[in-house]
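J.: The primary structure of each chain is shown beneath.
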Amino acid sequence: MKPVIAAAGKTPTWHLFLGVALVGAIAPFVVYPTFLMKILCFALFACAFNLLLGYAGLLSFGHAAFFGGSAYVTGWLCKQVGATPELGLLAGAGFGALLGAVFGGLAIRRAGIYFSMITLGLAQLVFFLALQMKFTGGEDGLQGIPRGKLFGLVDLNDSMTMYWFVLLVFLGGLFVVYRTIHSPFGQILKAIRDNEPRAISLGYDVDRYKLLAFVISASLAGLAGSTKSLVFQLASLTDVHWHTSGQVVLMTLLGGLGTVLGPVVGAATIVGLENVLADKVGPWVMVIMGVIFVVCVLAFRRGIVGELAALRSRGGADH
Amino acid sequence: MKRTALAAALFTAFAAPAMAQISDNVVRIGVLTDLSGTYSDLTGAGAVYATEMAVADFIAKEKPGFKIEIVSADHQNKADIAANKAREWFESGKVDTATELVTTSVALAVMEVGKAKNKLLLINGAASTPITNEKCNDVTVHYTYDTYALANGTAKAVTKAGGKTWFFLTADYAFGHALEKDSTKVVTDNGGQVLGSVRHPFPGQDFSSFLLKAQSSGAQVIGLANAGSDTTNSIKQAAEFGISKKQSLAGLLMFITDVHALGLKTTQGMYLTDSFYWDLNDETRAWSKRYFDKMKKMPTGIQAGQYSSVYHYLSAVKAVNSDDTAKVMAQMKKTPINDFFAKNGKIRDDGRMVHDMYLAQVKTPAESTKPWDYYKIKATIPAAEAFQPLSESRCPLVKK
Amino acid sequence: MEIFGIPSALLGSQLLVGLINGSFYAVLSLGLAIIFGLLNIINFAHGAQYMLGAFVALLASKYLGVNYWLALLLAPLTVGVLGVVIERTMLQRLRGLDHLYGLLLTFGLALILEGLFKNFFGVSGESYEAPEALSGGVDLGFMFLPLYRGFVVVAALGVCLMAWYLIERTSLGATLRAATQRPDLVQALGINVPVLITATYAVGSALAAFAGVLAAPIFQVNPVMGSNLIIVVFAVVVIGGMGSILGSIVTGLGLGLIEGLTKVVYPEASAVVIFLIMVIVLLLRPAGLFGKQA
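Protein chains in written order, with numbering that gives the first Met the number 0: chain A, 0 to 318; chain B, 0 to 399; chain C, 0 to 293.
Hint data in this document are derived by calculation from the structure and do not stem from the laboratory.
Possibly wrong hints are sitting among the right ones.
[To be verified] Here are the computed lysine-lysine pairs in the BS3-like style, where the Cα-Cα straight-line distance is at most 30 angstroms:
1. B/60 to B/295
2. B/184 to B/369
3. A/133 to B/114
4. B/244 to B/159
5. B/362 to B/184
6. B/362 to B/296
7. B/180 to B/345
8. B/66 to B/398
9. B/293 to A/78
10. B/244 to C/61
11. B/369 to B/342
12. C/61 to B/326
13. A/133 to B/116
14. B/288 to A/78
15. B/62 to B/362
16. A/78 to B/116
17. C/61 to B/293
18. B/377 to C/61
19. A/148 to B/93
20. B/333 to B/317
21. B/369 to B/62
22. B/180 to A/78
23. B/288 to B/244
24. A/148 to B/114
25. B/180 to B/293
26. B/362 to C/61
27. B/244 to B/295
28. B/295 to C/61
29. B/62 to B/184
30. B/296 to C/61
31. B/180 to A/133
32. B/184 to A/133
[As the list claims (entries may be wrong)] Cβ pair distances, simulated, as ranges:
33. B/23 to A/104: 56 to 66 angstroms
34. B/190 to A/104: 50 to 60 angstroms
35. A/195 to C/134: 56 to 66 angstroms
36. B/291 to C/95: 22 to 32 angstroms
37. A/171 to B/188: 49 to 59 angstroms
38. A/195 to B/194: 54 to 64 angstroms
39. A/128 to C/189: 51 to 61 angstroms
40. A/171 to B/291: 50 to 60 angstroms
Treat the numbers as computed from the prediction; the structure is a model and nothing was measured.
We put the CB at the ideal spot given by N, CA and C, even for glycine.
Take the sequences, apply the hints, and build the full model.
T.: In structure tokens:
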């Protein structure tokens, strides 16, 4: 897919991370922490998704499979086997990577819409498995997942403690995304996105790069899902439903494809809207989400961060 | 500046409600329901309105010394949204109780949160028996009905009336399984036989193939262990395929709104068990008319139960002059319930509110004389019989 | 008599039901295939347009006293007009961009439509009666076939064949196909390509609405009837080959039959067997069963 990408800014790494970390550090004193944790999880999910769409140009319509699948795996490990949270998260990320390798291996053979449809189909299969397998609890979901003690020492049941942990995980994931993008590997991905035939003619094994991007994206998406399952102590079918796959597309699109912070902004906006609207307008939530989608696609393709970056670069930056 | 802040802090510390039993003298009731999805018609906005009615009536009649507030939210039948909202309500919203909670997965998830935060829960919409068995806890009241009562009512009556052989059409998720399991036991206990069952994906759209399987089994009764649009679709299609001519359908979970949606022509003669019917007596008619005037639909058992449970809760709060969960719960369990909704109602140790249930049969179009005149009440199932006896309970709270 | 342990009566009836479902899949995927094949747009709003067709029939009957037969014309017309509006005001702006934006736009439209109807009509759904002339049924021995369902198969197949003939065998169809591949040349020949494209989108949506009217008496008319179906129909189109009209018709019918069979043998999997097949087909025959290699 050749998404409309805003010109990338040249912000040094540490500016970005300091900024995000600062906001993250102050926020829980202003806003309800559990709500923030939800934003962080979805932000990580969206960043992972953006890696694949915004930078590799691949629209996966089945990312919920990684998000939800890892949520179940981590949940089960922590609840039934007594794994400590950091091990649970590692397992979740690992599962995401594994599933990503399978999905990627199957889907990358095709391009464009076919790629998306294969990912959708595979995700539906995962949904079906989640529905049928005993350990997931089917419609009830996997409930009562213990947060446990981090490294066996730090009790995560307190909201603030959990928040710091989630913030750290998020920053870690964001860092991975950032380093991936701003690396030779990332440059080649962008080249493939912008002009695949040329990349091939330059001798790059395009499929291998795509697959690797897919695995990284899936792994981080899995990490996001695993973290979410510990925050809410629940993994459910919603997490693997195609609506969730659609949601992350919306977050990324709204925030800004191909920007580092875009998905974060998009996730914050959508999660925020949902929370606020659920109380007030119930059924209109869906309509509003749809309107945002339509408006974004028609007039706002660069997304919030993209548009902001474009405004800034009119001040003379060169690309 | 600093001194003022210090002073303010000290003032707050000392003024802190050590005296008042009810936290900031406001009782906040949260209604967490499905406002827009599959179950919104049988509970949803109607349940919120029922809550408002209960609060208004309570204030008018009992003139309590505390204020009462209602907050509501749409959980969209998703356990995570519900748990998140409940958590937010309990942690920062100072909500004292979360109520309604339709959809089993939602109820179970919120039960975990309620237990962790020590807040009271009034479950009306959700149905599965694990709520008062394996998953029971001491902050939860399961008020309106459950799958055992449904099975015990409908399955028993139908089997006794001559429906000896059964075939189940089951929604393939926990609720459907529970309903099928409870009903199977009732059927076999009453001399019937279950010839087989088939599970359909949830939610389903086309049941023709499953119904044909039911048909080929030759069973006298096809038990529908599903709800909402699954039930209405199954019934519609059974009629289409002429299955209803030779076999009867038992809607194991049906509401008056489903009958209204399908029409009497399709549903006539069907048995169902309900916790409430608007046309039972003068009391129910009076209340239901008030409800109907606003909502333009007759209330379902869940909506009536919501009113009753909230009123009972408020009475308990007033009686012990506290919103402390344990105290209020003890009071609620001590006090019997006798209002337009429940006769001989009592909350047991496992959280189960037992009350009389009604076995009804849907009228034929000819028998129906006015709008919403849908049920013939065939029997009243007394509280002691309707629900699972404590002796069979798998709840750890029950002392045997 | 039993075939592989399944009573032949049951097998026969399940296959017949599968055929009926297959007809729906065929008409719906036909509309999708037409839109994709000729416009390169993945119309995610197709399910919502199907739902809209059913609602138009329902509401027209309720408030205007319009009968079923008239609804079969009215609904597609109404939704077709809506399709024109959508294409002109929104989809047109996306021409030239990656066609996945079309998917995202129509996805958003689907959310809007579904949300609006959910808001006004709730989710329980309402009944819509089949016309008198088609009530009752025929006893085929191994099952009782409701006349209406038989009619659905005939009507659906009829429309499919008509559409296929129109596109593959007439000069109008040839023009449309040419316009997809070389719009500039076709435009140079004096044919108004943008109008053609708008008309095609309108026809595609009208087909969805037609399927909706056919479906209304069978399923409850409710706002989510489309979204439940759309994912499956996508799979059908992908298996058939995205641009192939014949492919979607044949695949739709075939998958209906396979789904029916699965319901007999392993019912829980019936919701997902189509996706399994889709993955397998895409691996073995990447362009779909009838598709042309990209």
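J.: All the hints need checking, so say for each whether the structure fits it.
T.: Okay, the hints, checked on the actual structure:
With a CA separation close to 26 angstroms, the supplied pair residue 60 of chain B and residue 295 of chain B stays within the 30 angstroms bound. Using a Cα cut-off of 30 angstroms, the hinted pair residue 184 of chain B and residue 369 of chain B is violated, with the two alpha carbons roughly 38 angstroms apart. Taken as a hint, the residue 133 of chain A and residue 114 of chain B pair is honoured in the structure, with Cα atoms around 25 angstroms apart against an allowance of 30 angstroms. Proposed proximity of residue 244 of chain B and residue 159 of chain B is supported: the alpha carbons are some 20 angstroms apart, at most 30 angstroms.
For the proposed pair residue 362 of chain B and residue 184 of chain B, the alpha carbon gap of about 28 angstroms is at most 30 angstroms, so the pair holds. Distance restraint check for residue 362 of chain B and residue 296 of chain B: the Cα-Cα separation of roughly 18 angstroms lies within the 30 angstroms cut-off, and the hinted pair is therefore satisfied. This hinted pair checks out: residue 180 of chain B and residue 345 of chain B have alpha carbons roughly 26 angstroms apart, not beyond 30 angstroms. Our distance criterion of 30 angstroms between C-alpha atoms is broken by residue 66 of chain B and residue 398 of chain B, whose separation comes to about 37 angstroms.
As the CA atoms of residue 293 of chain B and residue 78 of chain A are separated by approximately 46 angstroms, the hinted pair breaks the 30 angstroms bound. For the suggested pair residue 244 of chain B and residue 61 of chain C, the alpha carbons sit about 29 angstroms apart, so the restraint of at most 30 angstroms is met. Taken as a hint, the residue 369 of chain B and residue 342 of chain B pair is honoured in the structure, with Cα atoms around 26 angstroms apart against an allowance of 30 angstroms. For a cut-off of 30 angstroms, the pair hint linking residue 61 of chain C to residue 326 of chain B is broken: about 54 angstroms separates their Cα positions.
Only pairs whose Cα atoms come within 30 angstroms are accepted, and residue 133 of chain A paired with residue 116 of chain B is accepted, the gap being roughly 29 angstroms. Taking the CA atoms of residue 288 of chain B and residue 78 of chain A, the gap is about 49 angstroms. The hint is violated against a cut of 30 angstroms. Simply put, residue 62 of chain B and residue 362 of chain B have alpha-carbon atoms about 42 angstroms apart, too far for the 30 angstroms limit, and the pair is violated. Using a Cα cut-off of 30 angstroms, the hinted pair residue 78 of chain A and residue 116 of chain B holds, with the two alpha carbons roughly 20 angstroms apart.
Pair hint residue 61 of chain C plus residue 293 of chain B holds up; C-alpha atoms about 23 angstroms apart against a cutoff of 30 angstroms. Proximity of residue 377 of chain B to residue 61 of chain C is assessed by CA-CA distance (about 34 angstroms); at most 30 angstroms being required, the pair is judged violated. For the given pair, residue 148 of chain A sits about 28 angstroms from residue 93 of chain B by alpha-carbon distance, which is consistent with the 30 angstroms threshold. Using a Cα cut-off of 30 angstroms, the hinted pair residue 333 of chain B and residue 317 of chain B holds, with the two alpha carbons roughly 14 angstroms apart.
The straight-line distance between the Cα atoms of residue 369 of chain B and residue 62 of chain B is roughly 38 angstroms, outside the 30 angstroms bound, and the hint therefore fails. For a cut-off of 30 angstroms, the pair hint linking residue 180 of chain B to residue 78 of chain A stands: about 27 angstroms separates their Cα positions. The hinted pair formed by residue 288 of chain B and residue 244 of chain B fails the criterion: a straight-line CA distance of about 36 angstroms is larger than 30 angstroms. About 20 angstroms separates the Cα atoms of residue 148 of chain A and residue 114 of chain B, which keeps this hinted pair within 30 angstroms; it holds.
For the proposed pair residue 180 of chain B and residue 293 of chain B, the alpha carbon gap of about 38 angstroms is over 30 angstroms, so the pair is violated. Note on residue 362 of chain B and residue 61 of chain C: the hinted pairing holds, with a Cα-Cα distance of about 24 angstroms set against a maximum of 30 angstroms. Between the alpha carbons of residue 244 of chain B and residue 295 of chain B the distance comes to roughly 34 angstroms, so the proposed pair goes past 30 angstroms and is violated. Using a Cα cut-off of 30 angstroms, the hinted pair residue 295 of chain B and residue 61 of chain C holds, with the two alpha carbons roughly 18 angstroms apart.
Taken as a hint, the residue 62 of chain B and residue 184 of chain B pair is broken in the structure, with Cα atoms around 47 angstroms apart against an allowance of 30 angstroms. A distance of roughly 18 angstroms separates the Cα atoms of residue 296 of chain B and residue 61 of chain C; the hinted pair therefore holds under the 30 angstroms criterion. For the suggested pair residue 180 of chain B and residue 133 of chain A, the alpha carbons sit about 17 angstroms apart, so the restraint of at most 30 angstroms is met. Straight-line distance between C-alpha atoms of residue 184 of chain B and residue 133 of chain A comes to about 22 angstroms, which keeps the hinted pair within the 30 angstroms bound.
Judged by the Cβ atoms, the range 56 to 66 angstroms given for residue 23 of chain B and residue 104 of chain A holds: they are separated by roughly 59 angstroms. In this structure the hint that residue 190 of chain B and residue 104 of chain A lie 50 to 60 angstroms apart at CB holds, the actual value being about 57 angstroms. Between residue 195 of chain A and residue 134 of chain C the beta carbons are some 57 angstroms apart, a value that agrees with the proposed interval 56 to 66 angstroms. A beta carbon spacing of about 56 angstroms between residue 291 of chain B and residue 95 of chain C contradicts the range 22 to 32 angstroms that was offered as a hint.
For residue 171 of chain A and residue 188 of chain B, the hinted distance range of 49 to 59 angstroms is satisfied, since their beta carbons lie about 58 angstroms from each other. A hinted range of 54 to 64 angstroms holds for the C-beta pair residue 195 of chain A and residue 194 of chain B, which are about 59 angstroms apart. In this structure the supplied range 51 to 61 angstroms holds for residue 128 of chain A paired with residue 189 of chain C, their Cβ-Cβ distance being about 56 angstroms. At about 57 angstroms, the CB distance of residue 171 of chain A to residue 291 of chain B agrees with the hint of 50 to 60 angstroms.
Checked against the numbered hints listed earlier, the structure breaks hints 2, 8, 9, 12, 14, 15, 18, 21, 23, 25, 27, 29 and 36; every other hint is satisfied.
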